[in-house]
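Protein chains: 2
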Amino acid sequence: MLKVYSYYNLIINKFLYGEVMKNLKCYGSSKILKKVENGNPLFLCVIATTRTSNIPGITGAGATPELTDYTPAADLELVMHGAPKCLSEIPQTVTGDETAPTPAVITKACIELADIPIMVVDAGAGIKPDIPYIKLNDEPGEDVRTGKAVPKTKQIFEKGIMLGKTLSKLTNHLVIGESTPAGTTTALGVLTALGYDAGMKVSGSMPENPHDLKVEVVKEGLKAAGYQEGEVIEDALCAVEIVGDPMIPAVAGIVIGSSVPVTLAGGTQMTAICAVIKGIEPDFDFSNICITTTIYVAEDETSDINYIANQIGNITILAMDPEFEKSSVPGLKSYLNGSVKEGVGAGGAMLVASLGKIDMDDIRAKIEDICRDIL
Amino acid sequence: MLKVYSYYNLIINKFLYGEVMKNLKCYGSSKILKKVENGNPLFLCVIATTRTSNIPGITGAGATPELTDYTPAADLELVMHGAPKCLSEIPQTVTGDETAPTPAVITKACIELADIPIMVVDAGAGIKPDIPYIKLNDEPGEDVRTGKAVPKTKQIFEKGIMLGKTLSKLTNHLVIGESTPAGTTTALGVLTALGYDAGMKVSGSMPENPHDLKVEVVKEGLKAAGYQEGEVIEDALCAVEIVGDPMIPAVAGIVIGSSVPVTLAGGTQMTAICAVIKGIEPDFDFSNICITTTIYVAEDETSDINYIANQIGNITILAMDPEFEKSSVPGLKSYLNGSVKEGVGAGGAMLVASLGKIDMDDIRAKIEDICRDIL
Numbered sequence: 001m002l003k004v005y006s007y008y009n010l011i012i013n014k015f016l017y018g019e020v021m022k023n024l025k026c027y028g029s030s031k032i033l034k035k036v037e038n039g040n041p042l043f044l045c046v047i048a049t050t051r052t053s054n055i056p057g058i059t060g061a062g063a064t065p066e067l068t069d070y071t072p073a074a075d076l077e078l079v080m081h082g083a084p085k086c087l088s089e090i091p092q093t094v095t096g097d098e099t100a101p102t103p104a105v106i107t108k109a110c111i112e113l114a115d116i117p118i119m120v121v122d123a124g125a126g127i128k129p130d131i132p133y134i135k136l137n138d139e140p141g142e143d144v145r146t147g148k149a150v151p152k153t154k155q156i157f158e159k160g161i162m163l164g165k166t167l168s169k170l171t172n173h174l175v176i177g178e179s180t181p182a183g184t185t186t187a188l189g190v191l192t193a194l195g196y197d198a199g200m201k202v203s204g205s206m207p208e209n210p211h212d213l214k215v216e217v218v219k220e221g222l223k224a225a226g227y228q229e230g231e232v233i234e235d236a237l238c239a240v241e242i243v244g245d246p247m248i249p250a251v252a253g254i255v256i257g258s259s260v261p262v263t264l265a266g267g268t269q270m271t272a273i274c275a276v277i278k279g280i281e282p283d284f285d286f287s288n289i290c291i292t293t294t295i296y297v298a299e300d301e302t303s304d305i306n307y308i309a310n311q312i313g314n315i316t317i318l319a320m321d322p323e324f325e326k327s328s329v330p331g332l333k334s335y336l337n338g339s340v341k342e343g344v345g346a347g348g349a350m351l352v353a354s355l356g357k358i359d360m361d362d363i364r365a366k367i368e369d370i371c372r373d374i375l
Numbered sequence: 001m002l003k004v005y006s007y008y009n010l011i012i013n014k015f016l017y018g019e020v021m022k023n024l025k026c027y028g029s030s031k032i033l034k035k036v037e038n039g040n041p042l043f044l045c046v047i048a049t050t051r052t053s054n055i056p057g058i059t060g061a062g063a064t065p066e067l068t069d070y071t072p073a074a075d076l077e078l079v080m081h082g083a084p085k086c087l088s089e090i091p092q093t094v095t096g097d098e099t100a101p102t103p104a105v106i107t108k109a110c111i112e113l114a115d116i117p118i119m120v121v122d123a124g125a126g127i128k129p130d131i132p133y134i135k136l137n138d139e140p141g142e143d144v145r146t147g148k149a150v151p152k153t154k155q156i157f158e159k160g161i162m163l164g165k166t167l168s169k170l171t172n173h174l175v176i177g178e179s180t181p182a183g184t185t186t187a188l189g190v191l192t193a194l195g196y197d198a199g200m201k202v203s204g205s206m207p208e209n210p211h212d213l214k215v216e217v218v219k220e221g222l223k224a225a226g227y228q229e230g231e232v233i234e235d236a237l238c239a240v241e242i243v244g245d246p247m248i249p250a251v252a253g254i255v256i257g258s259s260v261p262v263t264l265a266g267g268t269q270m271t272a273i274c275a276v277i278k279g280i281e282p283d284f285d286f287s288n289i290c291i292t293t294t295i296y297v298a299e300d301e302t303s304d305i306n307y308i309a310n311q312i313g314n315i316t317i318l319a320m321d322p323e324f325e326k327s328s329v330p331g332l333k334s335y336l337n338g339s340v341k342e343g344v345g346a347g348g349a350m351l352v353a354s355l356g357k358i359d360m361d362d363i364r365a366k367i368e369d370i371c372r373d374i375l
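Chains as they are written, first to last, in the numbering used here: chain Z, 1 to 375; chain W, 1 to 375.
Pulled out of the complex, with its shape left as it was, chain Z reads as follows (with noise of 0.2 Å):
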């Protein structure tokens, strides 16, 4: 659902960064794109795990809910090591004969093309990456429906503050993805908590997205910690104690620490970010940073991030699209039917890449490399 698709932006994208630009979507301002052009990106994901992943049928981020646990590990070390340690194959999401790849796949082709430096941080994967990371938080979250799902919320949120503000000192233009099996579900918590109308306009990783389930489980989680229903909560950090995920609280620190632009680079778990940001920096100033995602996000029929973003405020949304009609491997094609969609910064990948120069398709050829070797 486009609401506000400016056609006016993109063509003055089309005008100012020519061919390489042609596979992006701008919803609002472009503005953010001048200002990190000529960057020199650093590409952060930031990962966690929640037994909420584990409520069956969920979420489609791993072929089981159990092996959700293992997922942001898995695509972290698929990124890094060229296949994963902890588990014997990829993550993929299965829909009846349908088996789509992780989005680990883009965005291992996109920071390889572009030599884009990339860190991970852990702000509470179940299963740790063989890899070296950056530790914020140790522990995953909880079920929400508990109403307890992020002990650590505030600890998680001022060591965030400080990566932020170091890495303010290393880099121009700072990316930010997530690998949160279940994200979404704690993004509706927190952003419905924090009295935004997001039930069903959370996007998932699944062709049908199970609105029913996710709105459920926040209610169940709200209402275990005491809220009625449509009480809004002040405290956005208490939000995410209470029904979000430890990624939440690690990624706002990490963006209100920061001094430079930052992309956040994800879906509908991105709004949920802006909206803990604004609880707590109310006059924030959202013209610094952008979510940009894929066109499988932004263009979701079963979702609406641009609806939930306005809510918040001038939030700039950017999609990428790596056309994947034209591809000849089936679980990319997967994606357009609606599976999978974002994840692992995937979107903000390809913006860097694309800002670095490189031709979508020879980021969609390396793709399509990647799942041969490890499918």
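Each statement offered as a hint is correct.
Straight-line Cα separation of at most 30 Å, DSSO-like style, residue types lysine-lysine; simulated pairs:
{"no.": "1", "chain 1": "Z", "residue 1": "K35", "chain 2": "Z", "residue 2": "K169"}
{"no.": "2", "chain 1": "Z", "residue 1": "K165", "chain 2": "W", "residue 2": "K34"}
{"no.": "3", "chain 1": "Z", "residue 1": "K148", "chain 2": "Z", "residue 2": "K278"}
{"no.": "4", "chain 1": "Z", "residue 1": "K333", "chain 2": "Z", "residue 2": "K366"}
{"no.": "5", "chain 1": "W", "residue 1": "K128", "chain 2": "Z", "residue 2": "K148"}
{"no.": "6", "chain 1": "W", "residue 1": "K154", "chain 2": "W", "residue 2": "K169"}
{"no.": "7", "chain 1": "W", "residue 1": "K85", "chain 2": "Z", "residue 2": "K169"}
{"no.": "8", "chain 1": "W", "residue 1": "K223", "chain 2": "W", "residue 2": "K152"}
{"no.": "9", "chain 1": "Z", "residue 1": "K85", "chain 2": "W", "residue 2": "K154"}
{"no.": "10", "chain 1": "Z", "residue 1": "K165", "chain 2": "Z", "residue 2": "K154"}
{"no.": "11", "chain 1": "Z", "residue 1": "K148", "chain 2": "Z", "residue 2": "K165"}
{"no.": "12", "chain 1": "W", "residue 1": "K165", "chain 2": "Z", "residue 2": "K35"}
{"no.": "13", "chain 1": "W", "residue 1": "K169", "chain 2": "Z", "residue 2": "K31"}
{"no.": "14", "chain 1": "W", "residue 1": "K25", "chain 2": "W", "residue 2": "K35"}
{"no.": "15", "chain 1": "Z", "residue 1": "K85", "chain 2": "Z", "residue 2": "K128"}
{"no.": "16", "chain 1": "W", "residue 1": "K148", "chain 2": "Z", "residue 2": "K128"}
{"no.": "17", "chain 1": "W", "residue 1": "K85", "chain 2": "Z", "residue 2": "K128"}
{"no.": "18", "chain 1": "W", "residue 1": "K128", "chain 2": "Z", "residue 2": "K165"}
{"no.": "19", "chain 1": "W", "residue 1": "K169", "chain 2": "Z", "residue 2": "K357"}
{"no.": "20", "chain 1": "W", "residue 1": "K165", "chain 2": "W", "residue 2": "K148"}
{"no.": "21", "chain 1": "W", "residue 1": "K165", "chain 2": "Z", "residue 2": "K169"}
{"no.": "22", "chain 1": "W", "residue 1": "K165", "chain 2": "W", "residue 2": "K154"}
{"no.": "23", "chain 1": "Z", "residue 1": "K85", "chain 2": "W", "residue 2": "K128"}
{"no.": "24", "chain 1": "Z", "residue 1": "K35", "chain 2": "Z", "residue 2": "K278"}
{"no.": "25", "chain 1": "Z", "residue 1": "K366", "chain 2": "W", "residue 2": "K169"}
If you are wondering where the hints come from, they were derived from the structure by calculation, not from laboratory data. Just so we're clear, the structure is a prediction, and the values are computed from it rather than from any experiment.
Go by the hints and put chain W onto chain Z.
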């Protein structure tokens, strides 16, 4: 003992760098200074603990043998937060009536004055600092007397390489300090195992350097691992595994993975790193790195860093002089009597602050302010 003090280089340095470099002594070639003078340094501090530091009398890096387990975490909490969180007071070296504060006060002063980004790397600290840090390894090292000091040496080394590659994309001058209590003993272990003459030559954190004890525990470790006295171990990582500490393979890996100039910010411990690097890469080009320490190590009568370094290769050693004789803080004056001497990358921190045109008088004033705040 100044065996290779190069007056010629000192003159060149004065000519090139003027008064800012008046507190630098250069042993070897000063060419490395040209490579890093306009750099954007990244200061890394690699921390680890071992059971070796619990041997009574072996180290002064903590008020008691048991408290040495807390020293690395407390050091970096002091640098990042302004006070330790895991301890009620800062790490100190107690000798008779004298109490000298941790060299973390020097590091903190320098990185704050010069606004240098700092990242902490956990190579195996028993107590974890309450800050964001990069995890390379979890478990601390064993007592060298077991002959099984660092079981995961190879994994730590390989992750170090990965980290060095990433960090090289974010800086053009990597400065690597360490905080590893009893680290001169484990350095002696590795140097001895690799066939270097280092007995009675490694430095230490106390005025009376317990050389006999250090030599004894190293002998015991090599014997426990089945090696005879004087027998040379060909495999450098094997030497670390038997009688080293977890910091050594981490830093060696980071240096080998790095493609930018590296300052090894430490004393005689850093010669063990060089020995391991040479063992792994016999043709390694040492002209792209240097060891930077304090004048208190370089002019230490109880040790000889140049004597060790010269056995390994053409390694430039720089020594920074904070002129604590001018200080009114008694704990800092204790450095002149042989307490502490170096640690937490203090010498390298003074170098990068000096390259950033910070005057040593201002550095010392800031150190004194920090001491007054925390003591």
